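Novice: If you want the building blocks of each chain, they are given just below.
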Amino acid sequence: MVKLILKDATFSYGRNIALQSVNFETRAGELLGIIGPNGSGKTTLLKGMAGLLPAIKGNVMFDSMNITRVERRIIAKKIALVPQNAVLPDLFTALEIVLMGRTPHLGLLGYESEKDIHIALEAMDITRTVHLAQRRVNEISGGEKQRLIIARALAQEAEILLLDEPTANLDINYQIEVFHVLDKLCVDNNLTVVAALHDLNLACQFCHRLVMLKDRLIYKQGTPAEVISSSTIKEVFDANVHVYPHPVNSLPVAYVTSNMEINKAKNLQWIV
Amino acid sequence: MEFKIASENVLAKESKQYRFSLYKVLIAIGGFSFALFCAILISSAFGSSNIPFHSILSLLLSPVSFTGAENISPASISTIVFQVRLPRIIMSGLVGAALGVAGAAYQGMFRNPLADPYLTGISQGAALGAVVGFILPFNVPAALIPVLSFISAIVCVFVVYSIARVGNTLPMTTLILAGVAIGAFLASLTSYLIITSGDRAHGIIFWLLGTFSLADWWQVSIMTPYILLGIIIICLYARPLNVMQLDEDQARQLGINTEKVKLVILSAATIATAAAVCFCGIIGFIGIIVPHLVRILFGPDYRLLLPLSALTGAILLIVADTISRTMLSPSEIPVGIITAIIGVPFFLYVLRTRKKAVF
Chain E
1 MVKLILKDAT FSYGRNIALQ SVNFETRAGE LLGIIGPNGS GKTTLLKGMA
51 GLLPAIKGNV MFDSMNITRV ERRIIAKKIA LVPQNAVLPD LFTALEIVLM
101 GRTPHLGLLG YESEKDIHIA LEAMDITRTV HLAQRRVNEI SGGEKQRLII
151 ARALAQEAEI LLLDEPTANL DINYQIEVFH VLDKLCVDNN LTVVAALHDL
201 NLACQFCHRL VMLKDRLIYK QGTPAEVISS STIKEVFDAN VHVYPHPVNS
251 LPVAYVTSNM EINKAKNLQW IV
Chain Y
1 MEFKIASENV LAKESKQYRF SLYKVLIAIG GFSFALFCAI LISSAFGSSN
51 IPFHSILSLL LSPVSFTGAE NISPASISTI VFQVRLPRII MSGLVGAALG
101 VAGAAYQGMF RNPLADPYLT GISQGAALGA VVGFILPFNV PAALIPVLSF
151 ISAIVCVFVV YSIARVGNTL PMTTLILAGV AIGAFLASLT SYLIITSGDR
201 AHGIIFWLLG TFSLADWWQV SIMTPYILLG IIIICLYARP LNVMQLDEDQ
251 ARQLGINTEK VKLVILSAAT IATAAAVCFC GIIGFIGIIV PHLVRILFGP
301 DYRLLLPLSA LTGAILLIVA DTISRTMLSP SEIPVGIITA IIGVPFFLYV
351 LRTRKKAVF
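The listed protein sequences derive, respectively, from chains E and Y.
For the first sequence, the numbering used here begins at 1 and goes up steadily by one.
For the second sequence, the numbering used here begins at 1 and goes up steadily by one.
It should be emphasised that the hints constitute simulated quantities derived from the structure, not laboratory data.
Just so you know, these numbers come straight off a predicted model, no measurement behind them.
Take these hints with a grain of salt, some might be off.
To give an idea of the interface, some chain Y residues facing chain E are shown, with a C-beta separation under 10 Å as derived from the structure [what the hints assert, rightly or not]:
id	residue
1	Ala6
2	Gln17
3	Tyr18
4	Leu114
5	Leu236
6	Ala238
7	Asn242
8	Asp249
9	Ala251
10	Arg252
11	Leu254
12	Gly299
13	Tyr302
We put the beta carbon where it would ideally sit given N, CA and C, even for glycine.
Assemble the whole structure, with the sequences as input and the hints as a guide.
Specialist: Structure, rendered in structure tokens:
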């Protein structure tokens with residue numbers, strides 16, 4: 001299984017440093033969550049890990065080679081990325097979009113074999129999009145497009161899956177289903193999954209390890225129980241939440257309460 | 001995996017439907033090749049003296065046992081068809097194919113429905129080279145004009161490419177802007193040279209509007225390898241062009257070396273287009289309307305779009321050239337005017353009615 005190691009990696013867009021001195025490595029069979037406020041560098045980290053953004057300092061090692069020196073086709077066979085708000089060309093059909101995931105596996109003329117088509121359709125089945133196969137992209141909804149992009153990444157049959165807000169446009173049932181699929185891929189196929197997430201509770205429930213970013217630096221990394229607490233969330237997100245153990249599995253759950261309700265509770269306490 | 005819910009039957013049905021759409025490629029290419037053959041046949045029949053189709057057909061199929069047609073000797077027909085019309089038809093077909101494929105490739109590479117083969121300033125470069133050839137104080141052999149035009153076109157695209165390049169990347173927006181800027185600069189130089197060229201202006205303008213009147217087998221034999229090479233290379237990059245319809249980051253993530261693809265497409269399209277325009281002048285609209293026409297009929301898949309753009313470009317330009325040389329026979333209208341007269345209304349029609357389905 002291929003492994004990504006980030007050694008003191010710093011990424012920038014032009015002169016603006018987007019992420020500084022990142023050190024960590026992926027582990028096979030692990031679902032790793034990247035959390036942090038807007039602009040903290042989650043997307044940058046995923047782009048850096050996919051080799052789309054070269055590190056200006058330090059490096060990203062792909063199987064003990066600097067990722068910038070590895071051919072894109074070889075990287076694409078091992079690493080798949082689900083980007084955030086990806087643009088899809090309107091006139092292609094859903095199946096054609098998913099089949100694009102087979103690109104690194106195809107020959108010179110770029111025609112898919114029966115096996116390639118079968119792999120793409122299976123990936124669509126997993127993301128519940130088979131019924132859209134012959135529909136054009138401009139005829140399907142935002143959430144369905146998101147599931148297509150996840151299917152395309154699955155069709156790549158990569159060993160490392162990088163996902164940027166994979167559940168952003170999805171209903172709660174699909175959010176849970178996507179994470180069940182990812183979890184199963186980690187456990188059964190020993191895949192490495194790295195997902196940038198805004199939903200802290202989903203992150204706590206499904207991720208084996210979390211990397212928390214703040215101000216373009218890694219603030220903390222560890223298991224959800226080690227990373228998520230009222231104080232770290234206050235520190236990183238500047239948000240008041242209450243963190244309690246989940247009643248079923250004891251994993252941390254962040255509860256949001258509106259200020260009005262907090263005041264009410266305080267008043268009640270005072271009255272009592 | 002337990003998450004799979006669709007039955008094997010459903011998957012097999014979808015798979016079959018998709019594979020049928022791939023067979024469509026072969027059927028369409030076969031059909032369009034037949035249409036091209038018909039266009040060649042019809043075009044060979046029309047001209048200052050019309051020759052019956054069956055005579056053309058028997059001449060093409062068995063030139064040795066050909067017995068001629070009414071009132072025209074076999075030798076005359078053979079000369080008209082083989083020495084006058086066919087080189088011109090083959091040349092217009094090759095140029096149409098080159099412009100159709102280069103236009104489709106550029107529209108895909110730039111992800112811009114208004115892209116055409118001349119976007120990188122190649123036509124203005126070719127025109128300047130040719131005009132310089134026309135106005136040189138000593139008598140330049142006619143064969144040298146295409147050479148000057150070809151070299152000037154290639155140099156122009158190389159300058160545009162060098163200006164547009166940022167580090168190791170070639171951003172599409174800077175390439176377009178550099179192409180437009182250099183093109184405008186060269187166009188003004190060309191205009192100045194035409195104004196000061198005196199009585200040679202008529203010949204220059206005729207050339208600039210595009211014409212196949214000088215076509216012969218020698219020219220065809222020189223342009224053919226360049227154009228075929230360009231078309232074959234571009235067609236081999238159909239799959240990367242499909243994936244690049246996403247965005248560059250997605251394409252790279254899917255294993256496409258986008259910078260290499262851009263360089264190869266730019267080089268192949270430049271060689272094919274330069275080889276085409278240096279012999280016959282600037283023929284407009286084929287490169288922009290043909291890919292749109294094919295896209296409307298067969299969808300956006302470049303594996304189909306590129307070969308069909310070649311065939312459709314060839315057919316349309318053969319038809320346009322046939323009209324250009326027969327409409328006011330024995331005098332001729334530059335074919336560039338005919339393609340624009342057909343092309344503009346069609347383009348406006350496409351723009352108005354199929355905005356959403358075109359790109």
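Novice: Are the hints correct? Go through all of them and say.
Specialist: Right, here's what the structure says about each hint:
Using the Cβ-Cβ criterion of 10 Å, the hint placing alanine 6 (chain Y) at the interface with chain E is satisfied: the shortest such distance is roughly 5 Å. Here the hint on glutamine 17 (chain Y) is kept, as its CB sits about 6 Å from the closest CB of chain E, short of 10 Å. For tyrosine 18 (chain Y), the interface hint holds, since its Cβ comes within 10 Å of a Cβ in chain E; the closest pair sits about 6 Å apart. Hint on leucine 114 (chain Y) is violated. Least Cβ distance to chain E is approximately 16 Å, over the 10 Å limit.
Against a cut-off of 10 Å between C-beta atoms, the interface hint on leucine 236 (chain Y) holds, since the closest Cβ of chain E lies about 7 Å away. Nearest Cβ of chain E to the Cβ of alanine 238 (chain Y): about 6 Å, under the 10 Å cut. The hint holds. Restraint check, asparagine 242 (chain Y) versus chain E: the minimum CB separation of about 7 Å is within 10 Å; hint holds. Checking aspartate 249 (chain Y) against chain E: minimum C-beta separation of about 6 Å stays under 10 Å; hint holds.
Nearest Cβ of chain E to the Cβ of alanine 251 (chain Y): about 9 Å, under the 10 Å cut. The hint holds. For the restraint placing arginine 252 (chain Y) at the interface with chain E, the shortest Cβ-Cβ distance is roughly 6 Å, inside the 10 Å limit, so the hint holds. Proximity of leucine 254 (chain Y) to chain E holds as hinted, the smallest CB-CB distance being about 5 Å (cut-off 10 Å). Hint on glycine 299 (chain Y) holds. Least Cβ distance to chain E is approximately 6 Å, under the 10 Å limit.
With its C-beta approaching chain E no nearer than about 9 Å, tyrosine 302 (chain Y) sits inside the 10 Å limit, and its interface hint holds.
In the structure shown, a violation is registered for the earlier hint numbered 4 alone.
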